Amino acid sequence: MLARILAILPAIAMGFNGVMWIINPAGAAESLGMPLLEGMGLSTQAGDFTAFFIACSAMSALAAIRLNPTWAYGAAMLLGGAAVFRTLAWGLHGAEFATVFIIVEAVLAAMLIASARLMKSN
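Under our numbering, the residue at position 38 of the sequence shown is numbered 38, and the numbers go up by one with no gaps.
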């Protein structure tokens, strides 16, 4: 049961963000500290962010439903990668250090890894 809970919570959070990119992209962009772009930039921004959040949500949900750790590891790689590459953007390119976002991504990734390990041990 704990494995399912640890996987479904990130699914809910990421799913909410994905839906926000569909129904309110300006609000979704603002919640991530960026302006909503126009033209091709909007297409890229909305398409890529929606895909990221929905894919992460779907993988987390599949992990919880199927009790399959592979799905949890996939979602954890997306979230962990986001935290790592945000940190690289800060270190290499002078981006603002996104402490809150990095912590959230790291915690959600850790939850998914813990979920996967619980699934494997059962």
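It should be emphasised that the hints constitute simulated quantities derived from the structure, not laboratory data. Just so we're clear, the structure is a prediction, and the values are computed from it rather than from any experiment. Please note: incorrect hints may appear among the correct ones.
Here are the computed distance ranges between Cβ atoms for each label pair [claimed, not checked]:
{"id": "1", "residue 1": "Arg66", "residue 2": "Val19", "range": "39 to 47 Å"}
{"id": "2", "residue 1": "Val84", "residue 2": "Leu37", "range": "20 to 28 Å"}
{"id": "3", "residue 1": "Leu92", "residue 2": "Gly47", "range": "20 to 28 Å"}
{"id": "4", "residue 1": "Arg66", "residue 2": "Ala26", "range": "32 to 40 Å"}
{"id": "5", "residue 1": "Phe85", "residue 2": "Ala114", "range": "19 to 27 Å"}
{"id": "6", "residue 1": "Ile65", "residue 2": "Ile103", "range": "24 to 32 Å"}
{"id": "7", "residue 1": "Thr44", "residue 2": "Thr87", "range": "19 to 27 Å"}
{"id": "8", "residue 1": "His93", "residue 2": "Ile5", "range": "30 to 38 Å"}
{"id": "9", "residue 1": "Arg117", "residue 2": "Glu30", "range": "33 to 41 Å"}
{"id": "10", "residue 1": "Glu96", "residue 2": "Ser121", "range": "37 to 45 Å"}
The beta-carbon is built from N, C-alpha and C at its ideal position, and this holds for glycine as well.
Hint check results:
Between Arg66 and Val19 the beta carbons are some 22 Å apart, a value that contradicts the proposed interval 39 to 47 Å. Judged by the Cβ atoms, the range 20 to 28 Å given for Val84 and Leu37 holds: they are separated by roughly 24 Å. A beta carbon spacing of about 25 Å between Leu92 and Gly47 agrees with the range 20 to 28 Å that was offered as a hint. Between Arg66 and Ala26 the Cβ separation comes to about 35 Å, which falls inside the hinted range of 32 to 40 Å.
About 22 Å separates the C-beta atoms of Phe85 and Ala114, a value consistent with the hinted range of 19 to 27 Å. Ile65 and Ile103 have their C-beta atoms about 27 Å apart, which keeps the hinted 24 to 32 Å range intact. About 22 Å separates the C-beta atoms of Thr44 and Thr87, a value consistent with the hinted range of 19 to 27 Å. At roughly 37 Å, the beta-carbon separation of His93 and Ile5 lies within the given 30 to 38 Å, and the hint holds.
Take Arg117 and Glu30: their Cβ atoms lie about 36 Å apart, and the range 33 to 41 Å holds. Judged by the Cβ atoms, the range 37 to 45 Å given for Glu96 and Ser121 holds: they are separated by roughly 40 Å.
Hint compliance for this structure: hint 1 is the single one not met.
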